[in-house]
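Asks: Below, each chain spelled out in residue letters.
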Amino acid sequence: MSTRLPTLGRLIDRSAPVKFRFNDRHMQGLQGDTLASALLANDQMLVGRSFKYHRPRGIVAYGAEEPNALVNLGHGARLEPNQRATTTELFAGLRATSQNHWPSLEFDIGAINARLSRFLPAGFYYKMFIHPRPLWKHVYEPFIRQSAGLGRAPRRADADRYEHFYHHTDVLVVGGGLAGLQAALTAAQSGARVLVIEQTAHWGGRAPVDVTADPDRSHVNGKPVDTFVEQTLAALRAMDNVTLRTRLMGAGVYDHGYVLGYERLGDHIPDADGPRHRLWRIRARRIITATGAIERPLSFAGNDLPGVMLASAMRDYAVNHAVAAGRRVVVATNNDDAYRTAIVLHDAGIEVVRIVDARPAGGLLTDDARARGIRVETDRAIVRVKGGRRVSKVQIGSQSGTGGALDEVACDAVAMSGGWSPVVHLWSHCGGKLLWDAAGAFFRPDPERPPLGADGAGFVLPAGAANGETDMASVLRDAHAAGCAAAQAVAGTAPDTAAPEAASTPEAPLDPVWLMPRNARADLRAKTWLDFQNDVKVSDVQLAAQEGYESVEHTKRYTTLGMATDQGKLSNINGLAILSDALGQPIPATGTTTFRPPYTPVSMGAIAGEARGPVFQPLRRTPMHGWHAENGAHWEPVGHWRRPYAYPRAGESVHGAVMREVTNTRANLGLLDASTLGKIVVKGPDAGRFLDMLYTNMMSTLKPGRCRYGLMCNENGFLMDDGVVARIDENTFLCHTTTGGADHIHAHMEEWLQTEWWDWKVHVANVTEQYAQIAVVGPKARQVLEKLGGMDVSADKLPFMAWADGTIGGFDCRVFRISFSGELSYEIAVPAGRGMAFWQALVDAGADFGAMPYGTEALHIMRAEKGFIMIGDETDGTVIPQDLGLDWAISRKKADYLGKRAQQRRHMVDPDRWKLVGLETIDGSVLPDGAYAVGSGRNANRQAVTEGRVTSTYHSPTLGRGIAMGLVRGGPDRMGEVLTFPGTDGKIYKARIVDPVFFDKNGDKQNV
Amino acid sequence: MKRYSAFAIAREALRHHSGWQRAWRSPEPKSRYDVVIVGAGGHGLATAYYLGRRFGIKNVAVIEKGWLGGGNTGRNTTIIRSNYLQDPSAAIYEKSRSLYETLSQELNYNIMFSPRGVIMLAQTHHEVRGYQRTAHANALQGVTTEFISPRRVKELVPIINIDGPRYPVLGGLWQARGGTARHDAVAWGYARACSDMGMDIIQQCEVTGIRQTDGKVTGVSTTRGEIGCDKLGLVVAGHSGVLADMAGFRLPVESVALQALVSEPIKPCMDVVVMANTVHGYMSQSDKGEMVIGGGADGYNNYTQRGSFHHIEETVRALIETFPMISRLKMLRQWGGIVDMTGDRSPILSRTPLDGCFINCGWGTGGFKAIPGSGYGMAELMAKGYSPLTDAFGLERFREGRFIDESVAAGVAH
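If you read the protein sequences in the order shown, they are chains W and F.
Per our numbering, residue 1 is the first one in the first sequence, and the count goes up by one each step.
Per our numbering, residue 1009 is the first one in the second sequence, and the count goes up by one each step.
If you are wondering where the hints come from, they were derived from the structure by calculation, not from laboratory data.
For each residue, glycine too, the CB sits at the ideal point set by N, CA and C.
Take every hint as true, because none was put in to throw you off.
In silico contact screen, one side only, chain W against chain F (beta carbon under 8 Å); selected entries:
hint	residue
1	N82
2	D158
3	P597
4	V602
5	D929
Based on the sequences and whatever the hints tell you, model everything.
Replies: Set out below in C-alpha cells:
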C-alpha cells in the first residue's frame, strides 16, 4: 500500500492538514501536496479508467506528462473535466471524481472491453460495423461514443474570469530548474531584459530532489545544489531587468518569437478574487528552452497496472511529499538513474525487493545498491506484472529471452525507467529540427537546424536536459553557454563570467530497451502498453506496420498512439522505436510526429480572455444609441453596430411598428439615425482622379457643393458598395459608404493607394464616427428645419443633390439634400458630440409635425417602394451594375475604372444574364424571401432549371400589397410575364414582372 | 483482398492478428501507366478509384511526395454537407454526400460516415435571408434542407446559447443528412481499394518535372525515376501552383494556412455539427469525444502548415459565445493545413493548356466533403473528356467571368 513516510517531504507542511473529497471518500492531505500525492498518501492507487478498454489506472508520473490520473475537478459552474491530479495543487475543500466508468470506479461495466481486447485490436472499427448500414448511426456509433470520451461535459456557463497579458522581453527563459535559472542569470548579467517562467509552483526543478539521492555528488561551486538554487534565485530577484513567474507554462512558440504563456493564477485558490487563468502573449527576441527531460516507461506486460510508476516520479513523491507508492518495490531499469530511486526509498525505510537491470553488467550505482543490501539482478527483465486493480507480483526473466519466468516476487509497486527524453516541444513548434542521439537513445535539438527568425538566425536556444545534457556539470555549462548566446544576440555582448563548477557525476551508458524481454511472445506484447490512456499496446503498433501503415503519422492515426491528452509525452518515443523495429529501419529514419502547441492543454477560457458576453466583440454606438434604447428600439446587429430595426410601442408588434413608421414618414415626418453610414474623406490634388478609378461614375467633374450617387466595383466587375459622394472643395471629397462597408472600403482605398497608385497625391481618412448624421424625411421635413431656424433649406437654395454648411437651431451642421426614400429628405451631419442634442431638438420641434423615429426595416421598405437597390440584397458578390439597370451610373467617357475590363468579359455581356425587375404577386401576397422562379425541365445534373430569384420582398403599407424586387433572366424585356416561385412552405407563388419603381415614378415627392 | 468483417476479426484474434495483409501494396513504379495521378490525398485516390471502378481504367499510378492522406485529408474538421447555393456546387457536393452514404459498404472499409446533421446558424437578418434563399435553391437542386427556428436549434443542440447578448440565434439552415466521417479512413479505404484493383500507390515519390511532346503530356520526372503516362491528373491542393508551373501554365490560386483545434475528449454532449458564420467558428464532437473546432484562414500566403494564434483566439471566443460550457474545456492541440483558394472560392476541375493534363484543385477550406464527388467527376472528365459535374468548374471561367461564388452561403471556412 502507498503511505506517508515519517521522513522526507521537502514541499509539505506536516502541521497543516488539508481536507478534500475524492469520489465520495473524505480524505486528508497536507499543505504542499498535489492531488496526486495526497491520493497516494491515502492509498488511493486506483484513480481512473483507460479510454478504450476501461482498464484500471493509477498514477504513473509526477508532472505534466501524466496520462492516467485525470479527474473531474469541482462541480456546477466550476466543473472541469480531465484535470491532471499531478499538476493540481491541493486546497481545502477540493472535490474530485474519477472518470470514464459506470457505475463506479471500482466496478466498471465498460471493463468488459478489456476482456474482449483480443477482438478489439488497433483499428478494429475500420474493419467492423460496416453492415447493415443503418446500424452505424443508430447503434454502433452511439455505443462507441458513449464508451469513449473520458471526463464529464460541463453543463453550465463558466463562473470564472480570464484575462490576457502582454509582455515584451529580450530573453524568455522557459523552465525554472537548474538550467533555466543559470541561463537566466547569465543572460541577465548582460543587462538584457529577462523573463523566467516555471510551470510548477516551485523553483529548482529536479536538482533538489536528486540531492537526496546523491548528497555527496550534488555540489555546485562547493555548495549543496539547493543552496545554489536559492542563491541564484536571490541574485535574479535583485536584478531590475529580471521578471520571475511561477505557475506559468510556456505553451507554444510561434513565428517571430511569439510565445504563449499559460498562467494558472487561481486553480489552487479557487475562492480568491481575480482571474483564474491568464494567457500571456510574449514577444521575445530569444527564447531559451530549459524545459528538462521526461522519463520513459519500460515496455513489459502489465506495465499499465496501478502501482507501476516511473522511477523518477516515485522518487519525487518520496522526496517532495514524503509519500511512498508502495511498501515493497521492484525497480526495473536500463540505466543508472533509477538506482537513485531505489536508494532513496531504501534509505526511507521502504523495502526494495529487487532491482531488475536489463544491462548485462549493471551500472555504476549497482555496487552502491548492493552495499545497502538491495538485491540487484542484471540482464534481467520484468516478464509480466500481475495483479487486478493494483500490482501484486512481478515475474522476472532473462532480458534476451521470450518471456519465460525465472522468478516471481511479491510486491505492491514497480518503479520503471527506460531512459529520458529531452522536452523538445517548444523547440519544435516553429520548425526546429531534431537529431537522434544514439548514446542517450533520444531525440535532441539539432543545433544546425533551429527555428529561424526574420533575421535568418535561430531564435530558440535549448539548454540543459532539454538539450540532451544529463550530467549536472554539463547542464550548468550548457545553460551558461545558452545564456551567453542569448545575451550576445540581444545585447551584443556576453557577460564575462564562467559557468558554475559542479562535480561531474559519471554514469554507465544505458542500454536502449524498447521491449522487455527483448523477444517477448505475442501474448505478452498484447499486454504491453505504450499509450496508457488510449490503450495502445506494442502489438497494436506492430499490427499497424504489418498492415502497411508505415509512416509514423499513419501508425499514430491508425492506433491512436500519442493522441491522448498527454499527446504522447510518455509513449511517442517508445512507440516509434517499436515501429522502427517492425519496419527494420533505424529510429531516425522513422522520425517523429509533428509537435503542435500547446505543450499541455490550455483552457478555452484563457484563450478567449475577457472577451465574452456583452464585450465579446466591441459594440459600436452612435451618439443617439441611448435614446434609441430608451425609446424601445428593437435592435438589428449590423457589423459591430446595432441599429434600431423599428421602435415598437407598448402593445404593438414589430411588424406593426414598421408599417406605422413607413406610413408616418410618407405622410408626415420621419427621423432616421444614419450615423453608421460610412464617411470617408478623400483629399489631395489627385483625389478626383483617384475617385474616377474607384467609382464607375465620373467624380472628377462633380462641382463643389454638389452630390452624386456612386457605384464601386471590385476588379472582377462586381458591385461592392454604393453611396453618395459630395465634393467639399477642389481637393476634397466626402464619400458615403454603406454601414457594413465603411471599414473594408477604407481598407480597399488604402490598398490601391499603397500598392498601385502610391505616387498619387491622395490621402484618405475614415471619419465615420466623427459625425452624427440624421435623416429628416417626409413632406414636413423642410417645415421642421425652418421651425428650428437657421440656414436656408429651400428648394432654390438647396436643391436636390446639393449640400451646404450652415447652422440649424444653433447647431453647426452640414446638410445634404439626398433621399433614399423618395421623400423630401435632408441628411444632416453634426459633430458627434452634438448628435444627441441635435436629435433631441429635432424630436422636440418635430412633435408638432407628427415626427417619429424610424428604423432600418422602414428604410428598406421605402427604398424598395422606390426601386432603389440595397447592397447585400440586390447584390451578392455576383452582380454587376449593368444587371441592376444602373448603366446610367457608369461613365462611358472614362478610359478606365476598377472593374471596367472585367465587365467586358464574355459572361458579363451575356444577354441571358439575370436583370433587375419588380415583382408583384397576382394575389397581392408577399413573395417568400430568396425564392427562385422555375423554368422548364432539368439540367444535366438533374436540377430544376431556374430563371430568376427574389432579392427583396416586403409588404408595402403605402401600396397595401406585397412588392418585391428580383433578378430575372432577360427580365426588363419580359414585362407582364408571370413567373412561378415554389416556396419551401409547399405553396406555389405566381408573380408578374413589373417595373421596379412601385411608387412615385416621376419623383414628384422628393423634388419639392 | 481479404474482406474486413467482424468474423474476420474473430478469426484473426485467435492467432494474435498475424494474418492481416497490408491494406495497400508498396510497389516500385513501373515505366508507364495509362493514367498517372499526382497526389495521394482523398481527391487523388478517389479519382483513381472511380477511374477503375466506374470507367474501366485500371492501369493507374497514384504518386505522392509524402505519405498518403497526409495533407488536408488528414487535417480537416471532417464536415460533410451539400447545402450550397449555386447549382454547380450543389450538384457536386450532393453527389459527394450521396456517395459518402454508402462508401463504407462500397470500399469494405468503415469510414464512419455519420449523418448526424449540420446546422448553419443565422445570427443576423442578412444571414436569415441568405439561408432562406439557400433553402429555396436546395429544394430545386434536390438537396434536402430546411430553415429552422431558434427553438428547434436549441432542441437539436442543448448546449447552445440562443440568447447571447450580441448575436442571438435567429434560426438555422438544417441539413439532416449532412454529418461527419473519419477523415483518415477515407484516404485509407480508397487506397486499399485502388491497390486491390492493381493500381500502384507510390509514396515518398516527389514529382520534379512534367514531360511533354508537341503540347501533349508524356509523363513525369520523379525522385524515383521517369514515369510515362497518356493522361496526367494533378490533384495536389496547396502545391497546385508549383505543379502547374512545371506543366507550363498558371493558376488563379493562392495558398494560405487554415487552422483547426481539438479539445480534450469529454462524454457526448453535442450530436450535430454547428457552424456559426457570423461569429466565425464551427464545432462538432468526434466519436472519441473531442470537440473539433475550426475557424478562419490566415490572410497571407504561406506553405508552413501552421498559422497565427490570433485566429485561434477569435474562433474560441466565438464558440464560447455560442457554447458557454466549453470555457472549462481545454485546447489539446492546434494545427494548420495549406488550402488552395481560387478567386471565387470554388474549385477547379479542368482540362489544362497542356493536352492530356488535367487539374483538380482550389477546394479551399471545404474539400473533404467533396472527396467522392470530386473523384467521380474528375475520373469522368479524364476518361470521357466531359463530366456534367465538373463542367462549370473549368479554368476558362476565370477568363469569361463566369464565377461560381458561394460567398452568400458560406461566409466562413469549413
